[in-house]
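Counting with this note's numbering, you get residues 3 to 278 for the letters of the sequence shown.
Note that these hints are calculated values from the structure, not bench results.
Note that the coordinates shown come from a computational prediction; the quantities given were computed from them, not determined experimentally.
Ideal placement from N, C-alpha and C gives every residue a C-beta, glycine not left out.
A hint or two may mislead.
Unchecked claim - Taking lysine-lysine pairs in the BS3-like style, the calculated list, with each CA pair at most 25 Å apart, reads:
(1) 43 / 160
(2) 58 / 269
(3) 58 / 160
(4) 43 / 265
(5) 43 / 269
(6) 160 / 171
(7) 58 / 43
(8) 92 / 265
(9) 43 / 92
Claimed, not checked - Ranges of calculated distance between the beta carbons of each label pair, as one might list FRET restraints:
(10) 184 / 153: 19 to 29 Å
(11) 152 / 212: 17 to 27 Å
(12) 43 / 184: 42 to 52 Å
(13) 247 / 177: 39 to 49 Å
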Amino acid sequence: MSDAAGGYERPAIAGSGTIACGVAASASAVGQVILLARSDKSAERASAELEAVCGKLEDAELGRIRTTTDRSELAGCDLVVEAIVEDPAKKAELLGGLAEAAPDADLASTTSSLGVAELGRACGHADRVFGLHVFNPVPRMELVELCLPDALRNGVGKRVRTWCEQLGKRPIEVPDQTGFVVNRLLFPYLFDAVRVLERTGMAAADVDDCMTLGAGHPMGPLKLLDFVGLDVAQAIGEALEADSGDPDHAPPGRLVALVGEGKLGRKAGAGFYEYD
Numbered sequence: 003m004s005d006a007a008g009g010y011e012r013p014a015i016a017g018s019g020t021i022a023c024g025v026a027a028s029a030s031a032v033g034q035v036i037l038l039a040r041s042d043k044s045a046e047r048a049s050a051e052l053e054a055v056c057g058k059l060e061d062a063e064l065g066r067i068r069t070t071t072d073r074s075e076l077a078g079c080d081l082v083v084e085a086i087v088e089d090p091a092k093k094a095e096l097l098g099g100l101a102e103a104a105p106d107a108d109l110a111s112t113t114s115s116l117g118v119a120e121l122g123r124a125c126g127h128a129d130r131v132f133g134l135h136v137f138n139p140v141p142r143m144e145l146v147e148l149c150l151p152d153a154l155r156n157g158v159g160k161r162v163r164t165w166c167e168q169l170g171k172r173p174i175e176v177p178d179q180t181g182f183v184v185n186r187l188l189f190p191y192l193f194d195a196v197r198v199l200e201r202t203g204m205a206a207a208d209v210d211d212c213m214t215l216g217a218g219h220p221m222g223p224l225k226l227l228d229f230v231g232l233d234v235a236q237a238i239g240e241a242l243e244a245d246s247g248d249p250d251h252a253p254p255g256r257l258v259a260l261v262g263e264g265k266l267g268r269k270a271g272a273g274f275y276e277y278d
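Build the full structure now, drawing on both the sequences and the hints.
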């Protein structure tokens with residue numbers, strides 16, 4: 003394990019999607035990093051995305067990222083970041099496997115809505131698991147929500163804060179509540195924008211323009227939902243509602259219907275907007 007004052011020296015990212023690739027590219031700016039993909043096909047897709055992201059990120063080095071499908075290559079890592087689909091069972095299963103593959107590593111989850119202490123208990127390594135909630139696009143977004151459960155072993159908080167700062171991020175410790183701080187506050191607003199569409203029949207672009215031109219928001223709520231991914235937004239909303247019982251946290255019907263049609267937003271070519 004790395005010295006507590008020096009962050010992490012041998013990090014790995016488990017996942018091959020946009021968040022995983024963003025974290026790996028950001029980490030490559032300060033040293034070597036391993037990206038663990040589930041399959042050869044996933045590794046191939048990740049390699050293409052890593053090349054694109056690294057080409058846009060100052061100081062990122064594609065040559066410092068090693069992509070693999072072999073968990074045994076993580077044996078010497080001091081940090082492994084899980085960055086897969088927002089499913090508690092799948093995350094817990096993967097974290098348990100990563101704990102065995104990298105026996106000395108601290109374990110992070112990029113979950114945006116799940117209980118971190120519960121993930122630690124479910125995978126059998128509550129003393130090693132913490133929340134590292136980054137935001138998309140990872141290379142550009144400064145905030146990292148850190149969730150550090152009480153059961154964590156000594157030194158983890160200091161190590162991860164140092165590492166985040168080395169990556170040029172601003173770590174802020176947040177409570178272990180569903181949605182942490184940002185999503186807990188953000189998603190009721192985003193969902194209410196969808197309900198405005200449902201009630202009024204306004205065009206998505208008009209609702210978004212009201213908030214960008216009238217409230218100074220950099221992106222309208224419906225375009226932001228498309229950017230996040232409507233399936234991801236639905237999962238976050240369901241987790242928030244299950245925790246709070248607040249109907250404002252429930253994903254709106256229009257959003258759920260779009261997910262059912264496979265219109266998941268920007269990544270799928272269609273959502274509240276159409277994309278080329």
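Here is how each hint holds up against the structure:
no.: 1; hint: 43 / 160; verdict: 36 Å, violated
no.: 2; hint: 58 / 269; verdict: 19 Å, holds
no.: 3; hint: 58 / 160; verdict: 30 Å, violated
no.: 4; hint: 43 / 265; verdict: 23 Å, holds
no.: 5; hint: 43 / 269; verdict: 18 Å, holds
no.: 6; hint: 160 / 171; verdict: 14 Å, holds
no.: 7; hint: 58 / 43; verdict: 24 Å, holds
no.: 8; hint: 92 / 265; verdict: 23 Å, holds
no.: 9; hint: 43 / 92; verdict: 19 Å, holds
no.: 10; hint: 184 / 153: 19 to 29 Å; verdict: 24 Å, holds
no.: 11; hint: 152 / 212: 17 to 27 Å; verdict: 43 Å, violated
no.: 12; hint: 43 / 184: 42 to 52 Å; verdict: 32 Å, violated
no.: 13; hint: 247 / 177: 39 to 49 Å; verdict: 18 Å, violated
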